[in-house]
Amino acid sequence: MTIQDLKNVLLGKNPREILETLEIHSVPVDIKSILCDKLHIKIDEKLEWDRLAFDGSVYLNSKGYPEIWLNNSVSENRQNFTLAHELGHIVNDILPNIEKYKDPINDNYETLYRSNKYNPIEAKANAFAAQFLMPANFIAQEAKKLTQVDDFKDLSLKQVIQRMANRFRVSFEAMKWRLVNLGYIDKDKI
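Numbering (UniProt numbering), first residue to last: 1 to 190.
Think of the hints as simulated: they come from the structure by calculation, not from any bench.
A hint or two may mislead.
Stated by the list, open to error - Cross-link-like lysine-lysine pairs, in silico, BS3-like; alpha carbons within 27 Å at most:
1) K145 x K158
2) K38 x K63
3) K32 x K176
As the structure is a prediction and not an experimental result, all values here were calculated from the model.
All chains should be built: construct the whole structure from the sequences, respecting the hints.
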C-alpha cells in the first residue's frame with residue numbers, strides 16, 4: 001500500500017466511515033489486524049528501556065510510511081486504545097501534513113488518559129480512538145443485547161460498564177467515558 005492509497009482510505013473520513021470502508025461491521029474492532037493487514041502499518045512491539053514511560057508512538061519509517069511503536073507491557077485493552085489513538089494521529093496529524101512531518105508523536109499514560117492539561121491534538125486522537133473502537137451504533141446494538149440477558153437487572157452500573165468494556169476489548173475507563181459522552185450514563189453516578 002502506498003501513502004496515496006492510505007490517504008484514499010483514511011483522509012476526509014470520520015472513524016465510522018473508515019470502519020465502513022474497511023468493511024468492519026461487528027465488535028470487537030480488531031485494531032491490530034486493521035493496522036497490519038488492511039492498512040499495512042507495521043507495529044513494532046520491541047520493548048526498549050528508554051521508551052517504557054510511553055504507551056506508544058507513531059513515526060514515519062525510512063520510506064515515509066507510518067509505523068507505530070507499542071509498549072506491550074501494558075494490558076491488551078490498553079494496547080488496543082493506544083493503537084487506535086496512534087491511528088488517530090495518523091489520520092488527523094500526519095497524513096494531512098505528511099510533507100512537513102518529521103518528529104515522532106510519543107504518547108504516555110498522561111497524554112492518553114489522565115492529563116490535567118488540555119491538549120487539542122491529544123484530545124482529538126483520544127476522541128478518534130473512542131469512536132473507532134466503540135462506534136455509537138455498535139454501542140447501541142451491544143447495550144440492547146446486554147439488557148436482554150437474564151441477570152441484567154441484578155447488575156450494578158459498574159458491572160454493566162465492565163461487561164461492555166470486555167465486549168469491546170477496551171478498558172473500564174475508556175468504556176465509562178464513551179458511555180458518558182454518548183449520554184448513556186451520568187458521570188456523577190459512577
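Problem set entry | Straight-line alpha-carbon gap K145 to K158, limit 27 Å | holds (17 Å)
For this session: Given the hint that K38 pairs with K63, test it: the Cα-Cα distance must not exceed 27 Å.
Result: holds (18 Å)
Problem set entry | 27 Å limit on alpha-carbon distance, applied to hinted pair K32 and K176 | holds (23 Å)
Hint compliance for this structure: no hint is broken.
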